[in-house]
Amino acid sequence: MLIYFLLPLIAVALLCVPFIFTAKKIKNGRSPKGAFIGNLCTFAGIMLCALIVPVGNFVSAASEEGVKAALSTGAGLGYLAAALAVGLSCVGSGIAVAAGAPAAIGATSEDPKNFVKALIFVVLGEGIALYGLLIAILIISNVGTALGI
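For the sequence shown, full-length UniProt numbering begins at 1 and goes up steadily by one.
If you're looking for bench data, these hints aren't it; they were derived computationally from the structure. Please note that a few of the clues may not be correct.
Label pairs and their computed distance ranges (CB to CB) [what the hints assert, rightly or not]: (1) PRO112 - THR145: 26 to 34 Å; (2) GLY92 - ILE26: 28 to 36 Å; (3) GLY29 - ALA99: 33 to 41 Å.
Glycine included, every Cβ here is placed at the ideal spot set by N, Cα and C.
Please model the complete structure; the sequences and the hints are all you need to start from.
If you want it as structure tokens, here you go:
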């Protein structure tokens, strides 16, 4: 049982170590390119090990009853609706931030007093994605309630 706690902890520690080296290199004025490549290699190695060597029943398929219930048409449409809510709201948020952030930077460069006002408009654009995530959470919770999960 202790292995279920230690393996993810070791994986997180291995993924965080290159960031320490990156911060040290940036602080000393050197390029953090090697530490970044090390982080990518560590991540790829951990993911490869997770795919090849699953530990016990830690990664396992769902029971047949749960799979049959989850494969109903209504549940599938509910999950599709949640995915569309998040995806489309993130696209809309990206468009809003792409239009608002450069304008905010330009307004701040002309007059630094406009920083807070400009930041509010950028945050309003990002709020769209949060609303989409909230709607998706509500949809998924209702699908789970309908399935008895």
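Each hint tested on the structure:
| no. | hint | verdict |
| --- | --- | --- |
| 1 | PRO112 - THR145: 26 to 34 Å | violated (50 Å) |
| 2 | GLY92 - ILE26: 28 to 36 Å | holds (34 Å) |
| 3 | GLY29 - ALA99: 33 to 41 Å | holds (36 Å) |
The structure fails hint 1 only (numbered hints given earlier).
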